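When you get a sec, could you build the whole thing from the sequences and use the hints?
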Amino acid sequence: MAIITSPRPGVKRFIGVDFDFGALRTAGPRYWAFVVMLLIGLGLGGLAWANAMMHGGVVMAMRDAYPWGLWFVNYMYFVGLAAGGLVVYASVQLFGAEQYRPLSRLAVLLAGVFVLMALLGIITDMERPWRAVWMLLTPNPTSPFIYTGSAANLYMFVCFFDLWLLITHKGGDKWAFRMTLIALPLAIYLHTTTAFVLSMNKSRELWNTAMMVPIFLTSATASGIAVLLIAAYIFKHFGILELSAKMFRSLSTLLATVIIIDLFFLLVEILTVFWPTSAKPGHAMRFAEFFTGDYAFAFVPVLVLGITAFTLLAGRKTRHLPAIQITASALYIVAVFMKRYSLMSMGFAVNPLGTHASPYAPSLTETLIALGIVSLGMLIVTVSAKVLPLVETSHAPE
Amino acid sequence: MSDSKQIKPAEEKPLLPEGCTLSRRRFLEGLGATAGILAAGIVPAVLSSQAQLAGASESAKAEGGNAAIEGIIEENQPVNYPGKPVSYADPAGKQKWGMVIDVKACIGCRRCVYACVEENNIGRNSGFTYIQVLEMEPGKVDIEHTNLDYEQGGRPDKWYMPVQCMHCAKPTCVYGCPVIATWKEPDGIVVIDYDKCIACRNCLVTCPYDARHFNWVEPEVPEDEVNPKVPLEEKSGVVEKCTFCIHRTRNGQTTACTEACPVGARKFGDLNDPESEVSILLKTRRVWRLKEEYGTEPMIWYVG
Chain Z
1 MAIITSPRPG VKRFIGVDFD FGALRTAGPR YWAFVVMLLI GLGLGGLAWA
51 NAMMHGGVVM AMRDAYPWGL WFVNYMYFVG LAAGGLVVYA SVQLFGAEQY
101 RPLSRLAVLL AGVFVLMALL GIITDMERPW RAVWMLLTPN PTSPFIYTGS
151 AANLYMFVCF FDLWLLITHK GGDKWAFRMT LIALPLAIYL HTTTAFVLSM
201 NKSRELWNTA MMVPIFLTSA TASGIAVLLI AAYIFKHFGI LELSAKMFRS
251 LSTLLATVII IDLFFLLVEI LTVFWPTSAK PGHAMRFAEF FTGDYAFAFV
301 PVLVLGITAF TLLAGRKTRH LPAIQITASA LYIVAVFMKR YSLMSMGFAV
351 NPLGTHASPY APSLTETLIA LGIVSLGMLI VTVSAKVLPL VETSHAPE
Chain V
1 MSDSKQIKPA EEKPLLPEGC TLSRRRFLEG LGATAGILAA GIVPAVLSSQ
51 AQLAGASESA KAEGGNAAIE GIIEENQPVN YPGKPVSYAD PAGKQKWGMV
101 IDVKACIGCR RCVYACVEEN NIGRNSGFTY IQVLEMEPGK VDIEHTNLDY
151 EQGGRPDKWY MPVQCMHCAK PTCVYGCPVI ATWKEPDGIV VIDYDKCIAC
201 RNCLVTCPYD ARHFNWVEPE VPEDEVNPKV PLEEKSGVVE KCTFCIHRTR
251 NGQTTACTEA CPVGARKFGD LNDPESEVSI LLKTRRVWRL KEEYGTEPMI
301 WYVG
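If you read the sequences in order, they're chains Z and V. Those letters in the first sequence? Residues 1 to 398, per the numbering used here, in order. Those letters in the second sequence? Residues 1 to 304, per the numbering used here, in order.
Simulated from the structure, these hints should not be mistaken for laboratory data. Don't take every hint at face value.
[Said to hold, decoys possible] Listed next, the stretches of chain V that the computed footprint assigns to chain Z, with coverage defined by at least 3 CB atoms under 8 Å from CB atoms of chain Z:
| id | segment |
| --- | --- |
| 1 | 137–146 |
| 2 | 198–209 |
| 3 | 212–223 |
[What the hints assert, rightly or not] Some residues of chain V that are not near chain Z, with every Cβ distance over 10 Å (derived):
| id | residue |
| --- | --- |
| 4 | G176 |
| 5 | V226 |
| 6 | K229 |
| 7 | R248 |
| 8 | L271 |
Please read all numbers here as calculations on a predicted model, not as lab measurements. Beta carbons are placed, not taken as given, at the ideal position from N, Cα and C, and that holds for glycine.
See the structure below:
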């Protein structure tokens, strides 16, 4: 493990961080091919956004039946993926889970980038992005949008500030701990208010349940840990971070625990919806679409993939295998996306006046914008992997 | 028998002139009949309400109808009102607007819809209308099983129910708007600031009556049909909905849909005025509101 002690060519020091631009020069062709691929994705996204700005909402697949589309699915999803990073980082600081310490910089970086992606999704959906300034000038306290929007912005800054603290060691362990005390409640607040955007609508019976909040918290944490686990394996594979098998084992146990809690919450909700003494026609009719209706293709896999992922991680003989851990994580990342998609679009599919709409599928423009945002996020992480000192250096006083 | 057969066509002829054109005589007959019906319906109601007022003016609150209307007016207060009235209509007065729709009379002809589209510059390409007339099977008013795209004209063997913005006293859309781009005026009309709407569409999501609509395309209206009193370009890329024809009603006219209804199923008026048709209907008829259990306190009542 090479620790940079003196400036070498290509290293630029800025706000106390050594940006190793020299590493980019020595990067191999495979790295550059990947970067070019991401740049192409980003370019396509930019073109699609320009198209949307020129022609307005008509190029999107959203209509009055589906006022929100892929951007909102992605907002819930990316905000959720950001949770995992923070949970891992916080458990180092709060619970002394030292095995995760080598992962903490990567975890915080991913959290920040995911929230950035979530916010970009909102901006690219707005026809007049400059009007967003009204959110600051005349915020309406009864609108859940205000809370989730401000929380996401704040959370992004806290994550990047945290990363800076971790890299520069400014303030030492004391400040790292204090920042956790701010960031962890903020993360819970962010997922709670994101769930409120759905659940605080008496007009949409499918969403109008307090259970939405715990489900959002557990889904977010599970998918976040899963994506962090995969990212950690990639970083280990390319020799950027040195991570032990014990750390992965511990991370996958945490993942399995959160998955089973997530599935349990879902089961409780399903029981409440269909139990003869509690079933309400509107809610039960809408929820039934998940199992036998138009949305079965998206929701049944949520349960199948979720249970499969948990079974894979619970098996005593196989759970320590990297391949199993990666497979289970990937399954749950897909499952949570399907859950977000079916939850949002099914909430709209039967409107308050009982009109049924055929399932929502994003248009090409929407898909390309999302692709561009994902490419941008991956580009930031890819470049950071070379340029930023993500390796946790020992800073104990010697 | 033979006599009656001979008499019958002679009786029918003046009632149904050829081509159903409105002859002078038919018009006068209709006028007389309408006046008669109105007199039969409203005069006793007015008299009875005045008798009530005269007889027990002190305990007016105790009277079922009056107390209910007073409670409604009390509930119907401005929400998130920025303090200045909307620019394209006269200032909000002391009225509290309300509407009563007779679902028994509604024949599903959609003339209110067409009048509304023309009056309010709704884009002919926008794919929505402020008023949605729901077709239902006779038997029950089941909001979960309705047909919106029924054949033009309506059928006598179906039930019809027009739904539009209810101008709720507790409007979820106003509560849900993150930037206060929509609010409730002192006269009860829920309005939208087209220059402020950020197009988050949270109000579409949170409205229990599906009353709000987003302009996904730039609204197109033929040049000779544009109503200069209603904005058009500003509506591109923002949310719009029924305004109770704010530009008409604040200038002493009734709404376009009320005017267009051929069977008089719609009554629009001031709840503050005890002699308005709306007030009288609320006091004398068994009215109900759509999704009353949601507590949104809509300002459109149905009577059947």
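Which hints from the list above does the structure break, by number from lowest to highest? 4
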